Amino acid sequence: MTSSDPAAPGYERSREELLAASETLRRRIVELEQEKRDLEVMLETSAAHGDHVSEMLESERNDLAMMLEMTTEHADTVEDELHERATAALLRSARELRMILEATPAPVMIARWADGEIVYANVMLGTLFGTSAQSLIGRKTVDLYYEAAEREPMIRALEAERGLDHYEVRFRRLDGLLVWVDISLRLLDFNGQPAILSALYDITDRKAAEERLQQQVEALRLELEETSKDSALARSTGKTRFENLDASVIPHGTTEFIAVHSFRGGNGKSSITANVAALLAVAGQRVGVVDADIQSPGLHLLLGRAGKTPGHTLDDYLLGNCTVDQLAVDVTAHVGESVSGRLFLIPASLNPGTMAQVLSQGYDAQRLTRSFHELAESLGLDALLIDTHPGLNEEALLTMRAVGTLIVVLRPDTQDFEGTGVTVQVARQLEVPRVVLIVNQVPSGGSLQAVRARARKTFDSDVLAVIPQSAEFMGFDEDVPFVVRHPQHPVSLALQQVALAMQRAKV
Amino acid sequence: MDITREDYQVQYDEAAATVRCSGSFRLHGDEYKPMLDLLGHAADTKSAMLTLDVRELQFLNSSGINTLSKFVLQVRKHGVSQLVVQGSTRYPWQEKSLKNLQRLLPALRLDIV
Numbered sequence: 001m002t003s004s005d006p007a008a009p010g011y012e013r014s015r016e017e018l019l020a021a022s023e024t025l026r027r028r029i030v031e032l033e034q035e036k037r038d039l040e041v042m043l044e045t046s047a048a049h050g051d052h053v054s055e056m057l058e059s060e061r062n063d064l065a066m067m068l069e070m071t072t073e074h075a076d077t078v079e080d081e082l083h084e085r086a087t088a089a090l091l092r093s094a095r096e097l098r099m100i101l102e103a104t105p106a107p108v109m110i111a112r113w114a115d116g117e118i119v120y121a122n123v124m125l126g127t128l129f130g131t132s133a134q135s136l137i138g139r140k141t142v143d144l145y146y147e148a149a150e151r152e153p154m155i156r157a158l159e160a161e162r163g164l165d166h167y168e169v170r171f172r173r174l175d176g177l178l179v180w181v182d183i184s185l186r187l188l189d190f191n192g193q194p195a196i197l198s199a200l201y202d203i204t205d206r207k208a209a210e211e212r213l214q215q216q217v218e219a220l221r222l223e224l225e226e227t228s229k230d231s232a233l234a235r236s237t238g239k240t241r242f243e244n245l246d247a248s249v250i251p252h253g254t255t256e257f258i259a260v261h262s263f264r265g266g267n268g269k270s271s272i273t274a275n276v277a278a279l280l281a282v283a284g285q286r287v288g289v290v291d292a293d294i295q296s297p298g299l300h301l302l303l304g305r306a307g308k309t310p311g312h313t314l315d316d317y318l319l320g321n322c323t324v325d326q327l328a329v330d331v332t333a334h335v336g337e338s339v340s341g342r343l344f345l346i347p348a349s350l351n352p353g354t355m356a357q358v359l360s361q362g363y364d365a366q367r368l369t370r371s372f373h374e375l376a377e378s379l380g381l382d383a384l385l386i387d388t389h390p391g392l393n394e395e396a397l398l399t400m401r402a403v404g405t406l407i408v409v410l411r412p413d414t415q416d417f418e419g420t421g422v423t424v425q426v427a428r429q430l431e432v433p434r435v436v437l438i439v440n441q442v443p444s445g446g447s448l449q450a451v452r453a454r455a456r457k458t459f460d461s462d463v464l465a466v467i468p469q470s471a472e473f474m475g476f477d478e479d480v481p482f483v484v485r486h487p488q489h490p491v492s493l494a495l496q497q498v499a500l501a502m503q504r505a506k507v
Numbered sequence: 001m002d003i004t005r006e007d008y009q010v011q012y013d014e015a016a017a018t019v020r021c022s023g024s025f026r027l028h029g030d031e032y033k034p035m036l037d038l039l040g041h042a043a044d045t046k047s048a049m050l051t052l053d054v055r056e057l058q059f060l061n062s063s064g065i066n067t068l069s070k071f072v073l074q075v076r077k078h079g080v081s082q083l084v085v086q087g088s089t090r091y092p093w094q095e096k097s098l099k100n101l102q103r104l105l106p107a108l109r110l111d112i113v
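Protein chains in written order, with my numbering: chain R, 1 to 507; chain F, 1 to 113.
Please keep in mind that the hints were generated in silico from the structure rather than gathered at the bench. Because the structure is a prediction, the values reported are computed rather than measured. Where hints are given, some of them may not hold.
[As the list claims (entries may be wrong)] What follows is a set of in silico ranges between Cβ atoms, one per label pair, in the way DEER data are often shown: (1) Arg-186/R <-> Val-84/F: 49 to 59 Å; (2) Gly-23/F <-> Arg-98/R: 27 to 37 Å; (3) Glu-81/R <-> Ala-15/F: 27 to 37 Å; (4) Gln-58/F <-> Arg-98/R: 26 to 36 Å; (5) Ala-450/R <-> Glu-14/F: 55 to 65 Å; (6) Gly-138/R <-> Asp-111/F: 48 to 58 Å; (7) Asp-111/F <-> Ala-48/R: 15 to 25 Å.
A virtual CB, placed ideally from N, CA and C, is assigned to each residue, including glycine.
Start from the sequences, fold in the hints, and give me the full structure.
Below is the structure:
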């Protein structure tokens, strides 16, 4: 069709117009081609960027996965290490516990809480039960009690308090013998199971001694009651070798009667007695010292009478061979020339025949206690100190009844504390008006204050003095009392407190 | 910038380009942030040689190893420092766990003595 074609009147264009249209189309095509190329570049760029991001993400994912693995592995490593350390510590701890228990000088056992089966016993426990430690393992604790029923209240108390101290209970050795023990219990985990740790202390001897003592005290009390009813009645009960045990009739008057006693020997009782007596004499008092330790006299050695044969002795008086006026020896000069008071010694016999006679035949008990009174009166004494034989023998019990003050000398060790406990208990039963303590031979390094507090608390009694250990004092062998030779020595200062307390008591 | 606590210390010796860790790292999560900042600062200095000395580090928990890993990644990201990690055979975890850091940065040099 051409522009002159009459059949297409609307499409009649000039050549110029057509050329222009053609140019426009060409440009449009160029533009579109450019756009297409741009789009292609953009697509390529986006794809490349996507790949890059994807790679980065992949890398980070790998890193995170690695870190997770590393962290997990590290956690496992540390966990293993800690577990090994904990296991080793547990084993070490168990081994150390066994070593400690084996080295403990007390019987110890560990029993399962659930069924009471013994899972550990030390050698000392075996000894206590008269067998080997090994043979006790696997036994039930309930079978070891003297009466099975005694276990139950103990376990209930343990459950309530989580621990139990110093419970006294009876066990039965494998040979059937009764054994009293002081037992302390603790709950613990042993080999991963709840268990009971028991530490035992054999108190069979103490229990037997207490029982004997109780019987003795009771017997003495009965005798005292009987003789008080009729003091003229001299009789023998068969339970004691004393013929007339009327000790309660001693009138104390103005004289302070002081017994110095100890549960065990060798703790300085006589040295303390002699020196306190010397201090009282120095202070102007008239003082008598009776060596009532008939079995092992020694007071004369401390008061300047070593090697000198005494005229008459307490033994002679008890046997009725002399009067009380013949007994006293004036030993004031031993203390010093310028002493304003007086010091008299009433010695005991060193003659084996006389000693044996007194000890084997016995004597009129009233004569002993009466001698105290007569001596006080005839010598005009302010104080009479009576040095007794150690232990709870009959002379000691008798003397306790006759004095206003009982001084108990003890050392700060378990045996003396235990024995002193019994002595103090007996003294109270015998109604001694005043029971006081002197703790002697406290080892250097020990706190005197702590020892004083412990003694006061344990015995509920006044502590007159706490004396430090001194070889110088215990071994003193000069012809003058220690307190006079060394007035500023710590021992002398402590003894001055005792003398002062005695004077105050008298006032 | 050093961190000193009762049970652990982290010290950065800039002159020697060395971070020293000692004691026990038993922290949790965000508590490690100050330590991570200190390690990041050391990595950002881009010194040619950078040393992490953990010979006196007795204990390291899981969050702790995670913190050290992030430090290694930071060094790898910069790609300019030779990282040296010094450990000790006295603490068994170090032999097992420190070598895993090489998985994040194979060029890491591990000196365990």
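Each hint, compared with the structure:
1. A C-beta distance of roughly 55 Å is found between Arg-186/R and Val-84/F, which places it inside the suggested range of 49 to 59 Å.
2. Between Gly-23/F and Arg-98/R the beta carbons are some 34 Å apart, a value that agrees with the proposed interval 27 to 37 Å.
3. Under the hint 27 to 37 Å, the C-beta atoms of Glu-81/R and Ala-15/F, about 35 Å apart, fit the expected range.
4. At about 30 Å, the beta-carbon gap between Gln-58/F and Arg-98/R stays in the expected band of 26 to 36 Å.
5. Checked against the given bound of 55 to 65 Å, the beta carbons of Ala-450/R and Glu-14/F, roughly 59 Å apart, stay inside it.
6. For the hinted restraint 48 to 58 Å between Gly-138/R and Asp-111/F, the CB-CB distance of approximately 56 Å keeps it satisfied.
7. The hinted range of 15 to 25 Å is not satisfied by Asp-111/F and Ala-48/R, whose Cβ atoms lie roughly 41 Å apart.
Hint 7 from the list above is the single one not met by this structure.
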